[in-house]
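With UniProt numbering, the residue at position 116 of the sequence shown is 116, and numbering never jumps.
Fair warning: there could be bad hints in the mix.
Unchecked claim - Listed next, with one range per pair, are the computed distances between beta-carbon atoms: (1) Gln-269 to Arg-199: 14 to 20 Å; (2) Ala-93 to Thr-210: 47 to 53 Å; (3) Ala-271 to Arg-138: 40 to 46 Å; (4) Ile-72 to Ser-258: 32 to 38 Å; (5) Pro-127 to Ile-284: 37 to 43 Å; (6) Glu-192 to Arg-119: 51 to 57 Å; (7) Ser-130 to Val-273: 44 to 50 Å; (8) Gln-257 to Asp-203: 33 to 39 Å; (9) Ser-172 to Ile-217: 25 to 31 Å.
These are calculated hints, taken from the structure and not from any lab test.
All C-beta atoms, glycine included, are put in the ideal place defined by N, C-alpha and C.
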Amino acid sequence: MRSRQPTATAFSTSDPGRPGHRAELELGPVRLSVLCLPVLSSLLARSGDPRGWRLVLVSDGPLTLGRGSGAIRLEPGQLVLWDPWEPFDAAAADRARPPRAMVLHLPGSALSLPHQALRGLVARPVPSDSGPAALLARFLEGLAGPAAAVDIPQATWVGRAAVDLAVAFLSSVTDVLDDAARLPRQVALLGEIKTYIDRNLSDPDLSPTTIAAAHHISVRYLHHLFRQDEQTVGGFVRERRLESCRADLTNPCLAGQSMAAIRARWGFQDAAVFNRAFKKEYGITPGEYRRRAGVPVGFR
Numbered sequence: 001m002r003s004r005q006p007t008a009t010a011f012s013t014s015d016p017g018r019p020g021h022r023a024e025l026e027l028g029p030v031r032l033s034v035l036c037l038p039v040l041s042s043l044l045a046r047s048g049d050p051r052g053w054r055l056v057l058v059s060d061g062p063l064t065l066g067r068g069s070g071a072i073r074l075e076p077g078q079l080v081l082w083d084p085w086e087p088f089d090a091a092a093a094d095r096a097r098p099p100r101a102m103v104l105h106l107p108g109s110a111l112s113l114p115h116q117a118l119r120g121l122v123a124r125p126v127p128s129d130s131g132p133a134a135l136l137a138r139f140l141e142g143l144a145g146p147a148a149a150v151d152i153p154q155a156t157w158v159g160r161a162a163v164d165l166a167v168a169f170l171s172s173v174t175d176v177l178d179d180a181a182r183l184p185r186q187v188a189l190l191g192e193i194k195t196y197i198d199r200n201l202s203d204p205d206l207s208p209t210t211i212a213a214a215h216h217i218s219v220r221y222l223h224h225l226f227r228q229d230e231q232t233v234g235g236f237v238r239e240r241r242l243e244s245c246r247a248d249l250t251n252p253c254l255a256g257q258s259m260a261a262i263r264a265r266w267g268f269q270d271a272a273v274f275n276r277a278f279k280k281e282y283g284i285t286p287g288e289y290r291r292r293a294g295v296p297v298g299f300r
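Make the full structure from the sequences, and use the hints.
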């Protein structure tokens, strides 16, 4: 009989609302933090990942986010996207009401929306009382509950759900903020291309040439679109393949599949290339990552 997998408890104390508390939950491609001042500003300070984004949900407050004339006030129930490379300060807006916030850390490669579109959403508070915003907020609040716990094998699934809800929310906000209810053609095309790439990661022949041909554009223009988004075509494909492999390594339904089967499913034909890329991206080998995630030894 297979033994039960270890459980990753969501937060480190039974009182995640006390001042100065910080707790985190790793969910495959994303991370969720629950924070109360004064640790909020230290966690949301400038990040080393220029492609990363943070979605902040204020549950108690209010709080101010930002510096000087660029500071914004966030009321309880509001969501805001924050660029980790922007100057940042957080402070209680009302001393009688200590702020509490949930922060969803999202790698840039996990979001199909173009970089320019995301930057246009930074520091724009959105109420979470309806639509995708409400779904995302309720999801985060549920994860941050005092009794929340996630089994390690299911953490990646929960993380994927968080990414999907975040994309749904950000897409809905983009539609509302854009005067024409649509992105400019160049930005929209880049979003279509990224979606196409995600759907064809398993194709070992996926390349700038095949991607450009599928969208009836030149390879040169394809590279131009990604440069405008501060990325490269090859880099984006590699990041998405690695994220998919990393998620599968902790998927309990795939515990019986070999490393070779997983990497091949996402377009990595060479084991040495895959191992080097994975270790460079995540700091450990794929086998070690799978072991730490609690996959039974007999299924590696």
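Against the structure, the hints:
no. : hint                           : verdict
1   : Gln-269 to Arg-199: 14 to 20 Å : holds, 19 Å
2   : Ala-93 to Thr-210: 47 to 53 Å  : holds, 52 Å
3   : Ala-271 to Arg-138: 40 to 46 Å : holds, 42 Å
4   : Ile-72 to Ser-258: 32 to 38 Å  : violated, 49 Å
5   : Pro-127 to Ile-284: 37 to 43 Å : holds, 41 Å
6   : Glu-192 to Arg-119: 51 to 57 Å : violated, 19 Å
7   : Ser-130 to Val-273: 44 to 50 Å : holds, 46 Å
8   : Gln-257 to Asp-203: 33 to 39 Å : violated, 19 Å
9   : Ser-172 to Ile-217: 25 to 31 Å : holds, 28 Å
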